[in-house]
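The residues making up each chain are set out below.
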Amino acid sequence: SQQGEEDPQALSIQEGENATMNCSYKTSINNLQWYRQNSGRGLVHLILIRSNEREKHSGRLRVTLDTSKKSSSLLITASRAADTASYFCATGLRTGGYNKLIFGAGTRLAVHP
Amino acid sequence: DGGITQSPKYLFRKEGQNVTLSCEQNLNHDAMYWYRQDPGQGLRLIYYSQIVNDFQKGDIAEGYSVSREKKESFPLTVTSAQKNPTAFYLCASSIQEYTGELFFGEGSRLTVL
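First to last, the protein sequences are chains A and B.
My numbering numbers the first residue of the first sequence as 1 and each following residue consecutively.
My numbering numbers the first residue of the second sequence as 1 and each following residue consecutively.
Hints were generated in silico from the structure; no laboratory data involved.
One thing to keep in mind: the hints can contain errors.
Partial chain B-side listing against chain A, Cβ under 8 Å, derived [unchecked claim]:
#1 GLN41
#2 GLU72
#3 LEU90
#4 GLU97
#5 GLY100
#6 LEU102
#7 GLY107
In the BS3-like style, the derived pairs of lysine-lysine whose C-alpha atoms are separated by at most 30 Å in a straight line are [stated by the list, open to error]:
#8 LYS100(A) x LYS9(B)
#9 LYS71(B) x LYS100(A)
#10 LYS70(B) x LYS9(B)
#11 LYS57(B) x LYS83(B)
#12 LYS70(A) x LYS26(A)
#13 LYS57(B) x LYS26(A)
#14 LYS83(B) x LYS100(A)
#15 LYS100(A) x LYS69(A)
#16 LYS57(B) x LYS100(A)
#17 LYS57(B) x LYS70(A)
#18 LYS9(B) x LYS71(B)
#19 LYS26(A) x LYS56(A)
#20 LYS14(B) x LYS83(B)
#21 LYS100(A) x LYS70(A)
#22 LYS57(B) x LYS9(B)
#23 LYS56(A) x LYS70(A)
#24 LYS56(A) x LYS69(A)
#25 LYS57(B) x LYS70(B)
#26 LYS70(B) x LYS100(A)
#27 LYS100(A) x LYS56(A)
#28 LYS14(B) x LYS57(B)
Which bits of chain A does chain B cover? Going by a derived footprint, with three or more residues having C-beta under 8 Å, they are [stated by the list, open to error]:
#29 36 to 45
#30 61 to 67
Keep in mind the model is a prediction, meaning the values are calculated, not measured.
For glycine and all other residues, C-beta sits at the position ideal for the given N, C-alpha and C.
Only chain B is shown next, with the shape it has when bound in the complex (with noise of 0.2 Å):
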């Protein structure tokens, strides 16, 4: 089956020590996106990707990291310097840069203890 898969789906962090999400697709998308929702909120852009060794900043990328080596990877590191990364973290791809559906992975939910 063809999708996006993230892990891990829920990850704890002490405050101060960098986390990288993972995630991984087979649909062959050239874009891939990063999206954060916090309770009651909408999506929110934090970094997207067209095609691979170039990404770009969303609305919200103080704190995080992307790296796009491959088509099929977007990893997304929260680093320390992000003041409050407990969040849901949603990734997405599509066949071309905004151009029509977006695919969800599942999600991974991030505490800060």
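If we strip away everything but chain A, and leave its shape as in the complex, we get (with noise of 0.2 Å):
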């Protein structure tokens, strides 16, 4: 697997209920981050855990991270159909003197009204 690599690829819901996106990672990290994508349109920052932080709340979003699994995941709760984008989580970690931030392929959620 890739370094931030999410899991599903998509997932089709109703509104109202929870959507759960995984995202799992190879090597250690500085922090993970999750972005929002609308079809056809930049990426914006939802939220940002550190390598020492388990959890992080922002409104309706649970980010979780388990750095003894390498992975995190990301929770929406009472989705509503604008919730429906594309989801990406990134990788932030140092390698090789630099700092980078590696992007995963995404999750496709529909939320159906």
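Using the supplied hints, reconstruct the complex from the two chains, each of which is provided in its own coordinate frame.
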């Protein structure tokens, strides 16, 4: 697998349901970030969790990080049709003396009214 | 409003032509980045710049060139040497190199005819 790989690739749910997306990575990280992208638009930063943190909340978003399993999850509670978008995890790490941010391929979320 | 402006949003190019994509930011950020996004894939880093008059190649720099003459501006030239230039191009910036969240522009979609 690549650094920062999301699962599932696509998710279809009804409004009001919760949506959970997972991200796995291979190497040690400094932080992990989640971004959202509406179709044909730029990415919008949602949340950043540092390697020494286990959980963060922002509104209806809950992110967890398990560094022992090298995985993170993004939970969107009480989803709305407006949450329909692609969600990307990005792992922040330092390699070769440089900071890097590596994006996964994303999870496409469809929320049906 | 502070942000990143990319232009043009859509661009068509004939094979053999160079094209330049504009990226301007008024966030006073030191670091700027260019990413390429292909359908169903994550973002791949083309070039990045930490400060004015300095830039480094990313993972897929071949066939591209950049300049950073002003803090606010980081234009990307897609040269005729780029074998498969049709893609969605995203510019981003951050306060410093990969130390926090990235702010993205709305993207430029390049189509080679």
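Verification of the supplied hints:
| no. | hint | verdict |
| --- | --- | --- |
| 1 | GLN41 | 5 Å, holds |
| 2 | GLU72 | 17 Å, violated |
| 3 | LEU90 | 6 Å, holds |
| 4 | GLU97 | 5 Å, holds |
| 5 | GLY100 | 7 Å, holds |
| 6 | LEU102 | 7 Å, holds |
| 7 | GLY107 | 5 Å, holds |
| 8 | LYS100(A) x LYS9(B) | 27 Å, holds |
| 9 | LYS71(B) x LYS100(A) | 21 Å, holds |
| 10 | LYS70(B) x LYS9(B) | 22 Å, holds |
| 11 | LYS57(B) x LYS83(B) | 17 Å, holds |
| 12 | LYS70(A) x LYS26(A) | 7 Å, holds |
| 13 | LYS57(B) x LYS26(A) | 23 Å, holds |
| 14 | LYS83(B) x LYS100(A) | 26 Å, holds |
| 15 | LYS100(A) x LYS69(A) | 21 Å, holds |
| 16 | LYS57(B) x LYS100(A) | 12 Å, holds |
| 17 | LYS57(B) x LYS70(A) | 28 Å, holds |
| 18 | LYS9(B) x LYS71(B) | 22 Å, holds |
| 19 | LYS26(A) x LYS56(A) | 21 Å, holds |
| 20 | LYS14(B) x LYS83(B) | 12 Å, holds |
| 21 | LYS100(A) x LYS70(A) | 17 Å, holds |
| 22 | LYS57(B) x LYS9(B) | 24 Å, holds |
| 23 | LYS56(A) x LYS70(A) | 16 Å, holds |
| 24 | LYS56(A) x LYS69(A) | 17 Å, holds |
| 25 | LYS57(B) x LYS70(B) | 18 Å, holds |
| 26 | LYS70(B) x LYS100(A) | 23 Å, holds |
| 27 | LYS100(A) x LYS56(A) | 22 Å, holds |
| 28 | LYS14(B) x LYS57(B) | 25 Å, holds |
| 29 | 36 to 45 | holds (count 6) |
| 30 | 61 to 67 | violated (count 0) |
Hints 2 and 30 from the earlier list are contradicted by this structure; the remaining hints agree with it.
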